[in-house]
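Residue numbers for the sequence shown follow UniProt numbering, beginning at 1 and rising by one.
If you're looking for bench data, these hints aren't it; they were derived computationally from the structure.
One or more of the hints may lead you astray.
For lysine-lysine, the following BS3-like pairs were computed, each having C-alpha atoms within a straight-line distance of at most 27 Å [said to hold, decoys possible]:
1) K17 with K78
2) K9 with K60
3) K60 with K17
4) K78 with K9
5) K78 with K60
Just the calculated beta-carbon pair ranges, DEER-fashion [stated by the list, open to error]:
6) G79 with T4: 31 to 37 Å
7) G79 with R36: 31 to 37 Å
8) R90 with K17: 18 to 24 Å
9) R54 with R2: 25 to 31 Å
10) F82 with D40: 19 to 25 Å
11) E64 with V94: 19 to 25 Å
12) E86 with G39: 16 to 22 Å
Because the structure is a prediction, the values reported are computed rather than measured.
Even glycine gets a Cβ: it sits at the ideal position worked out from N, Cα and C.
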Amino acid sequence: MRLTGEEQKTIARIVEKHLGAEAEVSVFGSRVDDSRRGGDLDLYIETAEHASVRVRARLKMALENALQLPVDAVFHQKGQSFTPFENIARESAVAIQESGAQ
């Protein structure tokens with residue numbers, strides 16, 4: 001995964017601040033492939049409660065400001081049906097290491 005341990009800790013901290021400790025965050029897309037360069041950060045986030053558009057926007061802004069990367073996020077509320085895109089993201093996602101270990 002092309003994220004440093006510090007970046008992973010930052011992501012976990014910001015997601016927890018905006019969505020709570022129950023939120024689970026994973027990375028999918030080009031950042032999972034160590035042989036690639038550049039690219040945005042694609043996150044798959046599962047939440048216990050519905051995340052409003054306002055909360056999602058604030059989370060995206062906070063992540064982009066902290067990481068200095070464009071961020072796209074797919075949100076899924078636990079217990080709800082998966083959309084086809086949520087399934088694709090979830091199946092290819094790799095959990096971040098909140099401890100920062102790689």
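- [ ] Check each numbered hint against the structure and report the violated ones by number, ascending.
- [x] none
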